[in-house]
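J.: Sequences listed follow chains A and B, in order. Letter by letter, the first sequence follows residues 42 to 975 in this note's numbering. Letter by letter, the second sequence follows residues 7 to 310 in this note's numbering.
Check the hints yourself; a few may be wrong.
Stated by the list, open to error - Pair by pair, the computed Cβ-Cβ distance ranges are:
hint : chain 1 : residue 1 : chain 2 : residue 2 : range
1    : B       : 255       : A       : 673       : 37 to 43 angstroms
2    : B       : 255       : A       : 47        : 57 to 63 angstroms
3    : A       : 707       : B       : 255       : 49 to 55 angstroms
Everything labelled a hint here was simulated from the structure, so no lab data went into it. For glycine and all other residues, C-beta sits at the position ideal for the given N, C-alpha and C.
Here is how the chains run, residue by residue.
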Amino acid sequence: MGGLPLAFGAPAILFGLVALPVIWWLLRLTPPRPQAEPFAPLAILARVLKPEETPSHSPWWLTALRLLVAALIILALSEPILNPRDKTLSASGPLVLMIDNGWASAPDWDDRVAAAEDLISEARDADVPVSIAFTSDRRNDATPMSASNALEQLLAAAPRPARPERGASVTAVQAALAGTPPGTIAYITDGMASDDGTEALGRLFALGAADVQIIGSATGAPVALTDTSNGSDALQIAATRLATEGSISIPVTARDSRGRDIARGEIAFEGGSNAGTGEITAPFEIRNDIARIDVDAGLTAAGVRLVDDSFRRRRVALISGEAADLAQPLLSPLYYIDKALSPYADLIHAQSADLAKSIPALIERQPAIIVMADIGSLPEQEAVELEQWIENGGTLVRFAGPRLAAADNDTLTPVTLRRGERELGGALSWDAPQPLADYPEGSPFAGLPVPRDVTVNRQVLAEPSADLAARTWASLADGTPLVTAADRGDGRIVLFHVTAEAGWSNLPISGHFVDMLRRVVQLSNNVGRAGGSSNAVLPPYQLLSAAGALLPASGDAKPLDLSAGRTPRAGPDNPPGLYGTEDGYVALNLFQSDERIEPLDIPDAGAPVSRASLGRGDALDLKPWLFGAALLGLLIDTLIVLVMGGALRRLSRRRVTAATVIVFAAGFALLVAAPGAIAQDSQPGDVDIVDKLDQTHMAYVITGDDEVDRISREGLNGLSSYLANRTALEPGEPVGVDIETDQLSFYPLIYWPMSEQAPMPSEAAISRIDAYMKNGGSVLFDTRDRIDDLGGATAGPTRRLQAILSGLDIPPLEPVPSDHVLTKAFYLLDVFPGRYADGPLWVEATAASQEEATAERPARAGDGVSSILITSNDFAAAWAEDENGNRLYPTVPNDPWQREYAYRAGVNIMMYMLTGNYKSDQVHIPALLERLGQ
Amino acid sequence: MASIGRLIDPTPRLDVLARARMRASLLPDCLAEARRVANTVIAGWHGRRKRGIGETFWQFRPYVDGEAQSRIDWRRSARDDHLYVRDREWEAAHTVWLWADLSPSMHYQSDLAIASKESRALVLMLAIAELLSRSGERIGCPGVMEPVSSRSAAERLAVALSHASLEGGMPDLTHVGRMSDVVLISDFLDEEASLERTIAPAAQRGVRGHAVEIHDPAEERFPYSGRTEFRDPETGQKLVAGRAETIAEDYRRAWQARRVAMSEAIRRKGWSFLAHGTDRLASEALATLHGHLSGLPTTGGERS
């Protein structure tokens, strides 16, 4: 093949190039085909058509172009390949194909399959059987089979979220070959060491192959996340990958349980190192939501770090000795703890002051921390329970106080305490209040800046003991411990030697207190993880695929056995994923925190070894490029022929114009349509709403009784015109509202005449009215039955009103007292007649009516406006007038002044609705003016 | 790149059966269209306007001694002392010979035209036939149908056309009577001498004639460009123009000159000449032709 690395798949076709001169000759002879047109008046045309010199053959460059196209097509058909792969398959025995399909093979699995396919097709050509084994599959049947069967098996295989088990695969191959020496051993590897990898390969090569091909990945090595830990201000991530030359930085993304991106970070690998670290900086609150951490590029099962509940926000239970007194929250022992921890933890409070009830209840809710502020002795049963909980990993945080100081033999303290408290800087003390000392080295508070303004006036003291210093997390300047802690089982007891409120020190009101509590909370464990107890066997909940996707658990995963105390290593039986249930689960990750990826050491094969990298490598199939070039040449040729044939001139008539118009119109339409589509935020009915808001409207309820509704409309019309004439209020047209559907909040007053003929409004409508009244609207109920009422029997509309009111939340009512604002809101009134004269008007009883009945104030404060008014006087009929201003209904008795008073009553009601108790203040004006000296 | 013009109905000449079937399917359409067009023009067409033999009432006139007493209209005469005779309107028929050229050159339609020339010619012919038959004229077609006077003459002409061929060049007008009218509808693209030969003897006998030239707008305007091969649909002769747009001007001039010469020659014989392009509506030509047939007094004697 000389110097040019070019191979042809079908070299025979190259003989087609011989035909080029013939093509050239034909092309030269063929002029461009003319456009054929039928034309009847040919005789006339013949007279004017001079014999014209049409070129008998096309120009030479056009011919050259066409020859080039023909040559390109011939070359493309001969399937040239640049940098072809050598074919070196030994035909002396079966092809043994071993493929790593562990987690690391997921990113370039397709390339691996392609490489294996090439090998299998070579085996088919050479007619040798193929024995195929996948190192991560649990079972391998490596029996030599025909190439087509092997291909089927290859295509059915998929990468597994597990480590390769090379030893088992090689054993399977050994068993399948049964002594037959293989021809070629091809191993498509991920290049990472496994426990028995080198030993297994040694056994494989010992089979005596004619030659060995090792095919490794060409792309970057995949990354495995090995550990995450929650630091004080960032999430620390540890990772491992195959060591490479240069240092590299790998972006990672933290996602929440729904897969949303919530934070990003980077992992840095030094050159030549197989371990890297990185961090994701995010606020503590956000870090609580993290459910998994993904490597951005080339995601694999190991590139995902699943995070379970133990990583989450802690649940903190708060118990204090005294009943919470809402009147003085700043003196409540839990107030500062509550404020300090609520951003970082879920707080639960004791429901009962009775410790015997509250402690079991709180433990049942499985808090990570229980904070007890100044609790002396515990009931014995509960103390045992609490101790058990601490043994299981709970963290008990206690604050001192008078009760603790007085308690005898309290076992739930980290150090033995002296009875009584020590007072510093008091009247009987020589000592000044003590500031904090620097935190000791091993203390969790180490690193926090020590505040100099925090002083301690009073504390409980620990009995000196040998391990007191070791148990001290913080101490005062004089060396007495301020915070002590002791481990109990898996849990811990932390004692603050001061109170949780500011009585003994100003620590709780300093910002430092928040930092200290946060550290304590971060140190705590989440108790009661999935399953409740630690010796549970957890079913698979969601499992990782090799590509790092979390999928519902499949059949062949076994439950995770936690009884050994330690989380078992992920393997074929326990693929990485989440185990447990939706409520609580344990995350099982592929890599443990101490594992590192090492390169696979391939032993000496004892046979010629060729190494290749995945993919076609440099082999480049020129066929598509050549075809593309030929197509391009054909396009150019077509354009040239079109131009020579006069197509452009032909097109330049009206078709081009039409096409241009269409294109421009479409473009313009797009431009115009786009902003129009954005501005679609108006809703149907907006215009109505704006109309109603523009002007004050009175409203009446459409009862469904046409007669009543007509009177309501006419009545409110009459009142509106009266209001417009006499007052500053010019109401708009009265509006009939359907209380089932219409928006009610636009109207200050809704007039609701009762009618027995009308259908009863639905529950939903009544509750809408209720909401309207609660939100500040008022309803004027009118039973219109004063005339029927005189007999004493309850009339129909009243019964209807009772039915409606039974669904409403109605305050106590009273007839309008003589000093109510309603009597003074515009006119001075003492009666509220309608069509009938003497029915009372009921309003919400003023709260202070009893107490202040005797007060000499001329008007009651009447805070707020009565949300309900009830009359039986048939206001609307008295107000009703037609378009010409004629009164429609006579009053009973027929007295013109009664109608006038009815209007005045309406005006007062409306003014009362709109101005509230403003008028009741106005009555003070004389006194105020007098006081001002006028 | 589609060609501008195309041959409509390109049937082989020998395929008579298919041709006839296609003609039959084409004709009812044309006839329907002819009826519609005729309806738009019929208003204002008022019979002979003179007394004579006929069926419809024309006038009462005083009885003149010597007339047959049976002609007296007694009902009218009983109303006063005079005797009246009922006159009827003269309804004598005139013979009009219609002929349309349906040779292959007529089967042509360009993109600029509404219909093919043949379709347009048939529409015009049948529309005139409809108009004339409605007013009681006798209609014939030389070589196809003897003159008939019938209300359904247009249908009968259509049926006759579907069985006959009008491809044989200009018609034989030797049998056409002296006082008849002849309407020739064609593209007149045959050699000019044949037209002369047809018209001249008839015109000498006093036959009044109307020539309607149907042309396609593409034939008049010559909108071709680029390398174009022109083919005569009748003879199959071909001409290749290297750049058709260069000869467009010359062609248009020649076309106009030929038309002027032809129309002059026809008018000189006392015939009327009407040029009609297929991009115009058929009713335009129909109205003009209608005017020529009814209004323009050329030879006289029809109206006394």
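J.: So, for every hint listed, does it hold in this structure?
T.: Now for the hints, and whether the structure bears them out:
Checked against the hint of 37 to 43 angstroms, the pair residue 255 of chain B and residue 673 of chain A passes, with Cβ atoms roughly 40 angstroms apart. For the hinted restraint 57 to 63 angstroms between residue 255 of chain B and residue 47 of chain A, the CB-CB distance of approximately 59 angstroms keeps it satisfied. Our hint of 49 to 55 angstroms for residue 707 of chain A and residue 255 of chain B is violated, since their Cβ atoms are close to 37 angstroms apart.
In summary, the one numbered hint that this structure violates is 3.
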